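**Q** Chains as they are written, first to last, in the working numbering: chain A, 1 to 331; chain B, 1001 to 1384.
Just so you know, not all the hints are guaranteed correct.
[Stated by the list, open to error] Pairs of lysine-lysine residues, derived as DSSO-like cross-links and limited to a Cα-Cα distance of at most 30 Å, are as follows:
#1 A/Lys84 / A/Lys174
#2 B/Lys1218 / A/Lys174
#3 B/Lys1112 / B/Lys1097
#4 A/Lys174 / B/Lys1302
#5 A/Lys174 / B/Lys1112
It should be emphasised that the hints constitute simulated quantities derived from the structure, not laboratory data. Bear in mind the structure is a predicted one, so any value in this text is a computation, not a measurement.
Single-letter residue listing:
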Amino acid sequence: MTGPSDSPVRLHVVTGKGGTGKTTIAAAMALALAARGQRVLLAEVEGRQGLAQVLDVAPLGTEERTLVTDPSGGEVVGLSVDAKTALLEYLQKFYKLGRAGSILEKVGAVDFATTIAPGVRDVLLIGRVYEAVGRVTKGARKRPVFDSVVLDAPPTGRIGRFLNVNSEVSDVAKVGPVRNQADSITRLLQSPATAVHLVTLLEEMPVQETLDAIDELGTLSLRVGSVIANGVRQPLLADEDAAAVADQDPRVHESLEAALTAVGIKTGPALVAGLLQEGVDHVERARLQAEQHAILQALDIPVHALPHLSDGVESGELGLLADVLAEQEGL
Amino acid sequence: MATPQTPVLDLDTILGDRERRIVVCCGSGGVGKTTTAAALAVRAAEQGRRVVVLTIDPARRLAQSLGLEELDNTPRPVTGLDTSAGGSLDAMMLDMKRTFDEVVEAHATPDKAAQILANPFYIAVSSSFAGTQEYMAMEKLGQLRGLMADGSRDWDLIIVDTPPSRSALDFLDAPKRLGSFLDGRFIRLLTAPAKVGGRASLKVFSAGVSLAGGVMTKLLGGDFLRDVQTFVAAMDTMFGGFRQRADQTYALLSRPETAFVVVAAPERDAMREAGFFIERLASDRMPLAGVLVNRVHIAGAKQMGAGRAEDAAAQLEEMGGHDLAAALLRVHAEVAETAARHRGVITRFRTSHPGVPLGTVPAHAVDIHDLAGLREIGEALTGR
Chain A
1 MTGPSDSPVR
11 LHVVTGKGGT
21 GKTTIAAAMA
31 LALAARGQRV
41 LLAEVEGRQG
51 LAQVLDVAPL
61 GTEERTLVTD
71 PSGGEVVGLS
81 VDAKTALLEY
91 LQKFYKLGRA
101 GSILEKVGAV
111 DFATTIAPGV
121 RDVLLIGRVY
131 EAVGRVTKGA
141 RKRPVFDSVV
151 LDAPPTGRIG
161 RFLNVNSEVS
171 DVAKVGPVRN
181 QADSITRLLQ
191 SPATAVHLVT
201 LLEEMPVQET
211 LDAIDELGTL
221 SLRVGSVIAN
231 GVRQPLLADE
241 DAAAVADQDP
251 RVHESLEAAL
261 TAVGIKTGPA
271 LVAGLLQEGV
281 DHVERARLQA
291 EQHAILQALD
301 IPVHALPHLS
311 DGVESGELGL
321 LADVLAEQEG
331 L
Chain B
1001 MATPQTPVLD
1011 LDTILGDRER
1021 RIVVCCGSGG
1031 VGKTTTAAAL
1041 AVRAAEQGRR
1051 VVVLTIDPAR
1061 RLAQSLGLEE
1071 LDNTPRPVTG
1081 LDTSAGGSLD
1091 AMMLDMKRTF
1101 DEVVEAHATP
1111 DKAAQILANP
1121 FYIAVSSSFA
1131 GTQEYMAMEK
1141 LGQLRGLMAD
1151 GSRDWDLIIV
1161 DTPPSRSALD
1171 FLDAPKRLGS
1181 FLDGRFIRLL
1191 TAPAKVGGRA
1201 SLKVFSAGVS
1211 LAGGVMTKLL
1221 GGDFLRDVQT
1231 FVAAMDTMFG
1241 GFRQRADQTY
1251 ALLSRPETAF
1261 VVVAAPERDA
1271 MREAGFFIER
1281 LASDRMPLAG
1291 VLVNRVHIAG
1301 AKQMGAGRAE
1311 DAAAQLEEMG
1321 GHDLAAALLR
1331 VHAEVAETAA
1341 RHRGVITRFR
1351 TSHPGVPLGT
1361 VPAHAVDIHD
1371 LAGLREIGEA
1381 LTGR
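Can you build the whole structure from these sequences, using the hints too?
**A** Here you go:
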């Protein structure tokens, strides 16, 4: 266990191929940090309400709201970042626009900025997260409002473009506050205070996509904090048994029949064949899983393995993932 | 498993129906849309259809299994298929920026096209505007359908994959979003205030626009608005064409010659997304073929429940000397539990979406590497 300030990382960006469980992992990571007594902001930027579903709480809004409090004093605050709200907040904060904001909205300037002007949307979304990372308490002894921020980011296919706000904006905004904002965001993202975590399954396609993402993030000078292998299944067969099952050794058939008879199960050819086929599939999957795990371990990046949850991700099991993550180094 | 209320998705009938010209595979990210599109294309081609499949950002291995090495917007023949039924297959990957450039080149004079292609705002929009990929997928689909209709290619079926969007619905919204971009009052007002019809509101808008323009200039720098203005001025004559094409493609999708296959995985989130998509297709009156649930685990030894297997394994472990059999029973308990969970998810979906044809594809232990793998998936997903 490490205390709130032991790790330099303040912003955890969680991404992964669709279907690998990145939203679940982001939620579990926030819970793990809160269990250390941290005040954590957990944010999503795509309006999917995935975090609310995983945590089984009411939909997140554009206002920060406490979702979970931990006996340690830690808490998880939730936020669904919305580009339009972020823009209006931003204009209000820096330009004291007041009612002018609604005029901008009326003539379509807000829509234009948040949906059409390329890159501006992403700057607004990350800008809101950036603001939360840097926010400090009022009063004489200033300290960060949030010990850490966990971002449920877009999937790996779009993560490079999403985080590369600087170059996206530079084509369009060459000077001015949006450009300056993009520059400050890039400084934070490239600093040791930010870590990108890549969630994957131990299957070929997601692992390949993870490797591609690592390359891409590297060229953008972004630091990969860890690769999180999700849904890892425990091999149930001992190595020598696995080989015998995979080779369809007739002795496996015999000993299975004998064992079933010994516990009073009536064996038929269909039952025995079914069990053997499941065994062959299991061995094959375990082999592929080990192969993919080895590929990841050859990288110079910490790899964390999270167990497969047989019941899917209901809240009770989310706590289990958080416990496993809490024991990992580098979080 | 099927009851009269939940018909089975019969993809072979759909692929075999010569009146069907377009099959769209859609669904949330990571459910196997692209693989499904490729497998359906192989299946249809081997059954005698002359198919072109449009994939979007396929995984490298999958692209290789179709013989695609590069993203170059060109349909290329896939070799190694069984063409004895008279079918054929061309495959291509969407190049979003290239497609946009082609549209510009087709609609503007060479001078004007060159001017647009070099505009910084155009470059940014065509390579990163949220929604460009969706719109360009639609544009490409419209183009392919056009080539089929005028006889310049002898395809009779287009199978299309959809972009990995934030939401599965972005694909359908692309034309509307493009429309709102082109018709955007803000863009219009910024560039040609004189065109706005004079009413009492004019003054308010002008004030608003100059304020908005001022804020934009302040925020983004003066070059930004200048780039936008040049861009809009250059594109002005093409706007109508763009809009019309987007509307045409949208209309194409609602014709009975199109079939939407919603792809899902047997997990809560993916099934919920599939539900949203079905509702959206219904409200837009788009022809839904059905839902295809990928990667469904099915127990090999259906006769035995998970609980019974666990008990037997525990008993054997206590007895000793039966480690292998006990382990196999533990494997079965795991498989049976997953299979039961998948069945539950699918049953709940059927209950809340009665009458929606549904098909399932068993989980494969390995990824697809070649045509044979795609063929096998094709057989599984058509229930053969």
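**Q** Verify the proposed pairing of B/Lys1112 with B/Lys1097, using a straight-line Cα cut of 30 Å.
**A** holds, 18 Å
**Q** Tell me if the straight-line CA distance from A/Lys174 to B/Lys1302 falls inside 30 Å.
**A** violated, 65 Å
**Q** For the pair we were handed, B/Lys1218 and A/Lys174, check the Cα-Cα distance against 30 Å.
**A** holds, 11 Å
**Q** Decide if the proposed pair is consistent with the structure: A/Lys174 and B/Lys1112, CA atoms, cutoff 30 Å inclusive.
**A** holds, 25 Å
**Q** Is the Cα-Cα distance between A/Lys84 and A/Lys174 30 Å or less?
**A** Answer holds: A/Lys84 to A/Lys174 is near 22 Å, not above 30 Å.
Hint compliance for this structure: hint 4 alone is broken.
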